[in-house]
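Novice: One line per chain: the protein sequences are A and B, in this order.
Start counting the first sequence at 1; every next residue gets the next number (full-length UniProt numbering).
Start counting the second sequence at 1; every next residue gets the next number (full-length UniProt numbering).
For the record, the hints were derived by calculation from the structure and aren't laboratory data.
Careful, some of the hints might be misleading.
One-sided excerpt, in silico: chain B residues whose CB lies under 10 Å from chain A [what the hints assert, rightly or not]:
(1) 15
(2) 17
(3) 22
(4) 24
(5) 25
(6) 28
(7) 29
(8) 32
(9) 33
(10) 36
(11) 112
(12) 113
(13) 115
(14) 118
Using C-beta positions, here's what the derived DEER-type ranges look like [what the hints assert, rightly or not]:
(15) A:107 - B:77: 46 to 52 Å
(16) A:52 - B:141: 30 to 36 Å
(17) A:60 - B:141: 47 to 53 Å
(18) A:5 - B:140: 25 to 31 Å
(19) A:130 - B:106: 53 to 59 Å
(20) B:51 - A:89: 19 to 25 Å
(21) B:51 - A:26: 26 to 32 Å
(22) A:61 - B:15: 31 to 37 Å
(23) B:169 - A:90: 46 to 52 Å
Glycine is no exception: its CB is placed at the ideal position from the N, C-alpha and C atoms.
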Amino acid sequence: EQEKGLGALEGVGFRVGQGLSERLTKETPSFKDELDVLKFLCKDLWVTVFKKQVDNLRTNHQGTYMLQDDHFLLLSQLSNGKQYLEEAPKFLAFTCGLVKGALSNLGFDSTVTAEVLVMPCSKFQVVIQKS
Amino acid sequence: YLPFISPSASMHLMSSELFTLTYGALVTQLCKDYENDEDVNKQLDKMGYNIGVRLIEDFLARSNVGRCHDFRETADVIAKVAFKMYLGITPSITNWSPAGDEFSLILENNPLVDFVELPDNHSSLIYSNLLCGVLRGALEMVQMAVDVKFVQDTLKGDGVTEIRMKFVRRIEDNLPAGEE
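All chains, please: the whole structure from these sequences, using the hints.
Specialist: Given below as structure tokens:
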């Protein structure tokens with residue numbers, strides 16, 4: 001039941017990500033490489049949706065990226081302790097879909113997972129699928 | 001093409017697109033989850049209700065409006081303060097019933113439906129039905145039971161979007177036994 005709900009949330013996020021990345025990149029020239037696209041996600045997309053940029057972007061330069069948001073907007077209203085840690089995935093599912101959808105619109109297939117170790121910091125792992 | 005606007009203003013405009021996109025994605029998902037438009041309409045109303053019962057607190061805190069003395073005042077506050085605050089539009093109030101218990105809100109534009117088209121196979125879908133639930137839930141928290149429904153919709157080809165609101169009854173507080 002929870003699985004289905006999270007899947008639905010991710011689906012909603014996906015559609016929003018597609019639409020948003022389309023609108024946001026209308027006027028900009030095309031990206032020069034994969035890293036450039038990820039930077040766009042961390043800056044323009046994140047600011048539009050979460051009112052701030054991603055705090056840390058790491059990559060292994062082989063298609064895997066880690067986006068870290070130290071004060072993730074969707075978790076900021078929840079207590080910083082451990083009591084809501086279990087509920088955090090519900091708030092992350094939409095965002096995973098958002099990132100996937102944005103990447104999809106820009107021509108990249110990906111898997112996106114998220115984790116919260118310490119509230120309200122969230123980490124999103126993006127793995128770009130090799131075509 | 002947009003004229004130059006300050007960074008904070010453009011952030012606000014972006015947020016409105018995000019809002020419209022998210023609402024659209026939500027409705028799309030509901031259409032997938034439920035087989036028919038009627039069920040989607042009900043779900044939207046229910047979700048709206050759940051939002052409304054909480055939104056009223058945010059509204060009262062931010063708007064500082066006092067208690068309304070009658071339904072006419074309520075209508076004014078809804079159209080001129082609440083709609084402006086949350087959707088950035090000010091619907092006009094028309095078609096008062098002789099008894100003063102029913103009126104219409106006319107929305108010339110509805111931010112929820114920017115860039116939206118209803119596909120042919122969803123002719124019974126009340127796309128913005130969430131709004132009806134929000135109004136119903138919010139007013140219930142201030143002791144008013146109301147009926148809210150769309151009677152015209154630009155999405156369906158009507159010239160304007162019209163929401164009809166009817167006052168049903170006052171909700172009395174349930175006092176615990178033994179108190180005046």
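Novice: All hints, please: hold or fail.
Specialist: Now for the hints, and whether the structure bears them out:
no.	hint	verdict
1	15	holds, 8 Å
2	17	holds, 6 Å
3	22	holds, 5 Å
4	24	holds, 7 Å
5	25	holds, 4 Å
6	28	holds, 6 Å
7	29	holds, 5 Å
8	32	holds, 8 Å
9	33	holds, 7 Å
10	36	violated, 18 Å
11	112	violated, 14 Å
12	113	violated, 14 Å
13	115	holds, 9 Å
14	118	violated, 16 Å
15	A:107 - B:77: 46 to 52 Å	holds, 49 Å
16	A:52 - B:141: 30 to 36 Å	holds, 32 Å
17	A:60 - B:141: 47 to 53 Å	holds, 52 Å
18	A:5 - B:140: 25 to 31 Å	holds, 26 Å
19	A:130 - B:106: 53 to 59 Å	holds, 55 Å
20	B:51 - A:89: 19 to 25 Å	holds, 22 Å
21	B:51 - A:26: 26 to 32 Å	holds, 31 Å
22	A:61 - B:15: 31 to 37 Å	holds, 34 Å
23	B:169 - A:90: 46 to 52 Å	violated, 37 Å
Against the hints set out earlier in the document, violations occur for numbers 10, 11, 12, 14 and 23.
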